[in-house]
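Peer 1: Sequence:
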Amino acid sequence: MGPKRIIPIAFLGAEHPEIEAELERIRARRDHLPLHIAPDFWVASGKNPEGDEERAGRRIRDLLGKGPRSLLQLSEAADLGMTDVRREMARLEKKGLVQHCGITPTDFLHANGTFAAWNRETALLALQILCDRHRISFPALSEKLAEVMERKMGLQILDLVLAERVRLHRDQDGCNVCSVFWDQCFSREKRSDHVRFQISLKNRLVGIGAPAHAFLPPVAQKLGTSAIVPFHARVANAIGAITGAVAMTDEALIRPVQGQFRLHSSHGVEVFAGLEEATVRGRNLLAEVIREKAGAAGAGDVEVTLEEKEHWATSRGGDSLFMEKRLIARAIGSPRLEPS
Numbered sequence: 272m273g274p275k276r277i278i279p280i281a282f283l284g285a286e287h288p289e290i291e292a293e294l295e296r297i298r299a300r301r302d303h304l305p306l307h308i309a310p311d312f313w314v315a316s317g318k319n320p321e322g323d324e325e326r327a328g329r330r331i332r333d334l335l336g337k338g339p340r341s342l343l344q345l346s347e348a349a350d351l352g353m354t355d356v357r358r359e360m361a362r363l364e365k366k367g368l369v370q371h372c373g374i375t376p377t378d379f380l381h382a383n384g385t386f387a388a389w390n391r392e393t394a395l396l397a398l399q400i401l402c403d404r405h406r407i408s409f410p411a412l413s414e415k416l417a418e419v420m421e422r423k424m425g426l427q428i429l430d431l432v433l434a435e436r437v438r439l440h441r442d443q444d445g446c447n448v449c450s451v452f453w454d455q456c457f458s459r460e461k462r463s464d465h466v467r468f469q470i471s472l473k474n475r476l477v478g479i480g481a482p483a484h485a486f487l488p489p490v491a492q493k494l495g496t497s498a499i500v501p502f503h504a505r506v507a508n509a510i511g512a513i514t515g516a517v518a519m520t521d522e523a524l525i526r527p528v529q530g531q532f533r534l535h536s537s538h539g540v541e542v543f544a545g546l547e548e549a550t551v552r553g554r555n556l557l558a559e560v561i562r563e564k565a566g567a568a569g570a571g572d573v574e575v576t577l578e579e580k581e582h583w584a585t586s587r588g589g590d591s592l593f594m595e596k597r598l599i600a601r602a603i604g605s606p607r608l609e610p611s
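Per our numbering, the sequence shown starts with residue 272, numbered consecutively.
If you're looking for bench data, these hints aren't it; they were derived computationally from the structure.
Here a beta-carbon is modelled for each residue, glycine too, at the ideal position from N, C-alpha and C.
Wrong hints could be hidden among the right ones.
To be verified - DSS-like cross-link-like pairs, simulated, lysine-lysine; straight-line CA separation at most 27 Å:
1) Lys337 with Lys415
2) Lys365 with Lys337
3) Lys365 with Lys423
4) Lys423 with Lys493
5) Lys423 with Lys473
6) Lys580 with Lys564
7) Lys564 with Lys366
8) Lys564 with Lys423
9) Lys473 with Lys493
10) Lys580 with Lys365
11) Lys366 with Lys337
Unchecked claim - What follows is a set of in silico ranges between Cβ atoms, one per label pair, in the way DEER data are often shown:
12) Arg554 with Val451: 36 to 44 Å
13) Glu289 with Val466: 47 to 55 Å
14) Gln492 with Ser408: 18 to 26 Å
Sequences and hints are given; from them, build the entire structure.
Peer 2: Right, dumping it as structure tokens:
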């Protein structure tokens, strides 16, 4: 797992059943804790670097050396406010020294009985704490979580299917039709008696990974298709990690504006006097960004390729007009496997 991944409470509970007592303690103190405090835990991962003299960090890492600890436990032991503890944990997590554990969709599937791989009781207890905090019933929370998961997965699948041909505009600000469209497609409630929107994929979806049978069928239904979950789907990810490859794509766009050239990338917008200058900057930026993304995704021996596409138009007078240049970076590498 990468540093930005969250370990499910159900998995943590299976590895460390003692966290159930801590979850019970957190639930008992729900009326005395801030509303935004979630039942989060952290575990140690990686070795402590030499020269890290942050006192709070040392105390926290020493404590995590004895096993997983909750946000409440860390706050009490380090004598820090919970906001300060979260800030320190974010610093340590960025360095790869700790791993965050919290409520994930996998816990939701354990709690409602759809998926049973680890500790259902700890998952259910963590979700009950969340329900208590927000004064919502578990069935109502389950419905909301299911809708959010289906919407996120559906949009990600559409991103992959449409690839470079179309970029989804998920930002609904100023686009009422977009808002109605996505709500109609992914909402579990009937939103309009007058208009019905529907997505229809040409091909069926194939799911791999242990919980694919729980996640994918309802998403496929929202996308107007069906799902295939092979018999060996539970171990397909493990096999893919050994035999597959990690691939990433990123893009930048250069457009002329009032005699200058604007470079649009994931880093923002930069302005250059000449097209060649903007192109060189775009190439270098994309190569750097795509290598970082591939490395963060677990790729080793990354190979980067760059593709450039120029779009020109013809004026009424027959002159050629430069419209835009699209830079496309692709990175591919074999999975970086750590020795066990």
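Peer 1: If a hint holds in the structure, say so; if it doesn't, say that too.
Peer 2: Status of the hints after comparison with the structure:
1. Lys337 with Lys415: 36 Å, violated
2. Lys365 with Lys337: Holds, because 21 Å separates the two Cα atoms, which is no more than 27 Å.
3. Lys365 with Lys423: 25 Å, holds
4. Lys423 with Lys493: 12 Å, holds
5. Lys423 with Lys473: Holds, at roughly 20 Å.
6. Lys580 with Lys564: 22 Å, holds
7. Lys564 with Lys366: 16 Å, holds
8. Lys564 with Lys423: Holds, at roughly 20 Å.
9. Lys473 with Lys493: 13 Å, holds
10. Lys580 with Lys365: 36 Å, violated
11. Lys366 with Lys337: Judged against 27 Å, a Cα distance of about 20 Å means the pair holds.
12. Arg554 with Val451: 36 to 44 Å: Holds, since arginine 554 and valine 451 (Cβ atoms, about 40 Å apart) stay within the stated range.
13. Glu289 with Val466: 47 to 55 Å: 53 Å, holds
14. Gln492 with Ser408: 18 to 26 Å: 25 Å, holds
Taken one by one, the earlier hints fail for this structure at numbers 1, 10, listed in ascending order.
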